[in-house]
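Student: Single-letter residue listing:
There are 2 protein chains.
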Amino acid sequence: MKAEIIGVGTELLLGQIANTNAQYLSGELAEIGVNVYFHTVVGDNPSRLADAIKQAEKRADLLIFTGGLGPTKDDLTKEIIAGHLQREMETDNDAWEKIQDYFKRTGRYMTANNEKQARVIIGAKVLPNEHGMAPGMFIKEGPCFYMLLPGPPHEMKPMFRTYGRQAIIDQLETVDCIESRVLRFFNIGEAEIAERLSDIIDAQTNPTVAPLAGDGEVTIRLTARSDSKDKAVAMLNDIEKQIQEKAGEHFYGYNDTSLMAELLKVLENRELTIAAAESLTGGLFQSEMTSVVGVSTMLLGGIVCYSNEAKVKLCDVKPETLEKYGAVSEQCAIELAENVRMSLNADIGISFTGAAGPDSLEGHPAGTVWIGMSFKDRESKAILAKMAGTRNGNRRRSVKMGCYYLLKELKELDKK
Amino acid sequence: MKAEIIGVGTELLLGQIANTNAQYLSGELAEIGVNVYFHTVVGDNPSRLADAIKQAEKRADLLIFTGGLGPTKDDLTKEIIAGHLQREMETDNDAWEKIQDYFKRTGRYMTANNEKQARVIIGAKVLPNEHGMAPGMFIKEGPCFYMLLPGPPHEMKPMFRTYGRQAIIDQLETVDCIESRVLRFFNIGEAEIAERLSDIIDAQTNPTVAPLAGDGEVTIRLTARSDSKDKAVAMLNDIEKQIQEKAGEHFYGYNDTSLMAELLKVLENRELTIAAAESLTGGLFQSEMTSVVGVSTMLLGGIVCYSNEAKVKLCDVKPETLEKYGAVSEQCAIELAENVRMSLNADIGISFTGAAGPDSLEGHPAGTVWIGMSFKDRESKAILAKMAGTRNGNRRRSVKMGCYYLLKELKELDKK
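Listed in order, the protein sequences are those of chains A and B.
According to full-length UniProt numbering, the first sequence is numbered sequentially starting from 1.
According to full-length UniProt numbering, the second sequence is numbered sequentially starting from 1.
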């Protein structure tokens, strides 16, 4: 089965939002072995949308539409598709009841245009919307399948995961079993990893080996096809072994993990607590940690000391340290890490202090960052990282560097 | 001029990344009056890329390609376009020197495949890459223009802004002057604002009026065309006045501002300093504030008190308060805001404490959040916000709510 994902909405063509729906659906379809050869984005324009449908029918047998099911008059995806397929529309009772009920529960004001959202194409399998009002649809007509999904990602994703995905799987004549695995690397460039792996990349057919750089990391996606899951997994294991031999020292995890998630795993396994003192990162390290459910046994908290005043008042950094060495210094990083650790009696203290940019700070160029680490049972240390990104790129990279070096430190502890 | 943006890269079709390049370019093109009617994404596949080029030539006269200029063998955009246009390639000396120089400066290891990046199509205007290695290109051939840009956004955006945009403007026969303005609203739903503005939206032709919901906000984009800038601006002023009359109490700012940016403006104008104590937001409020350049005169810092221990140890919350009222309480929010303000001698203290989710906390359902505010010269207060999003949706919305209510509070101060 070949799919094309058609995003409908002038807001996409005006650049107001990115087409993250196509990204999500592509990942989901890859997992169930449906090839996606094209994404298309078209505006809220009847004739251009109709043209896009005809074009897609020539090169795909599954057309997935996102957007244009909303309450306003420029939402016209289902109307155009109904016309194209020469079908009528009707009100879906379940959806209509749900809409009325929502307004009753929240006490919000229901407007007349909300009823339009409950209209569906006759003969469509209706996909319930558990996070919004407009239901989705799945239609078979001639050689093609048509799936209509809402535009807001927080409605579209659960609808696809719960109902859409299975509707597609039911139509697949499963031939191959497809297994994918993403390997994640840090502190190595894309060209260097591609050269180290050039023999493997040149020889690839099945499994495929696809490197990709982004956000200061390199990932390599491996995809194997076979007639059984076991065989596909064995193929992945074999090629991964070859890759790990050539670049394993930069590898840190699989699939959609992150350096932060890997750090949290290690902290959880060893029952370690952490506290942080953040200057240039301004709370980003702790905020990213807090975004994970169940972090409360590990992250005690910490301080944000964006100003030097806060470094002294909240974290007892000695004024002499700031005078003599400055805030962008090994000494300041170590005092911050030690003091924040002790103030919360944590096992680990981490600190970030440096010049985020765009300007230099205390004579240090933007991107000069000291990361301090303090431990209960061993000497403190600080690491100097130099980066050349934007202000927020440097802040994000600092957080990743902190996770990376702390992970290294904890793993070295293991070896001893 | 009509443009089509063609993203090239199998990583897009596998869902490894979102096509944020198309979003950025669409916004830039809208500003200079170039209509974008389609986005296309195609993989690293010679024949499908060639098909996409032929298709785009039928419906656009400016084809902008992103991606596929990199060092690896699956990067083939310029090779396919050269073939399609029947042109040869040559090494661009400036680009080649820059690549060699980069490796000399950073001491990194240069691989053989880096030379491929300096190859350009003969006759193309070369667009220098100031943040990476592969140069871009701009080509006129027959009735069409072709622009080739690199895939990594941090290379593509500055290249387009510095060189690509002007190359397009030079080709425009300017007829109309186009002015756009985005109005931003908070705490009102899309359907409600659409109903309030239904007369205006129904009657729109020029200026156009396009509402869009996302991330808990509604924006309305106004676009006017006229033969002079002054006339277009007057048309925007006129329609904005009508909209403000109907929904102005929810309006908070223009274009790409944010609630945080608006708050910072007010703090800066009044020379006020702020400190924060964050439980469920875990540093997100301060991190978002720190992402803005020049915030150091306003944000002194604060604490992250994700654990109750940290609330007591770092922010002097009375253990009795936690015992009697719990962490998710008005009393705790007010103590946090007052104590963090006083510990740094700031003008304003703000605090966030509540249940981020997915689980309830102390019997309060996920999404129950208290926001505390403390001021030097008036009584403290706390506001209860109820939300129904995911854990991180609730954390982000809490930060927005904090900005929104603090802005309201500071503006009310004005009136007195």
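Don't take every hint at face value.
All copies of an identical chain are treated as equivalent in the list; a pair is satisfied when it fits inside any one copy or across any two copies.
Mimicking DSS-like on lysine-lysine, the simulated pairs with C-alpha atoms at most 30 Å apart in a straight line are [to be verified]: (1) Lys98 with Lys73; (2) Lys58 with Lys104; (3) Lys157 with Lys98; (4) Lys400 with Lys73; (5) Lys246 with Lys2; (6) Lys54 with Lys2; (7) Lys376 with Lys318; (8) Lys324 with Lys104; (9) Lys408 with Lys104; (10) Lys313 with Lys73.
Rather than coming from a laboratory, the hints here were simulated on the basis of the structure.
Student: Could you run down the list of hints and mark each one as holding or not?
Tutor: Quick rundown of the hints versus the structure:
| no. | hint | result |
| --- | --- | --- |
| 1 | Lys98 with Lys73 | within (21 Å within a copy, 52 Å between copies) |
| 2 | Lys58 with Lys104 | neither (45 Å within a copy, 50 Å between copies) |
| 3 | Lys157 with Lys98 | within (19 Å within a copy, 44 Å between copies) |
| 4 | Lys400 with Lys73 | between (45 Å within a copy, 29 Å between copies) |
| 5 | Lys246 with Lys2 | neither (35 Å within a copy, 47 Å between copies) |
| 6 | Lys54 with Lys2 | both (15 Å within a copy, 21 Å between copies) |
| 7 | Lys376 with Lys318 | both (21 Å within a copy, 28 Å between copies) |
| 8 | Lys324 with Lys104 | neither (65 Å within a copy, 34 Å between copies) |
| 9 | Lys408 with Lys104 | between (54 Å within a copy, 29 Å between copies) |
| 10 | Lys313 with Lys73 | neither (56 Å within a copy, 55 Å between copies) |
Comparing the model with each numbered hint stated earlier shows that hints 2, 5, 8, 10 do not hold.
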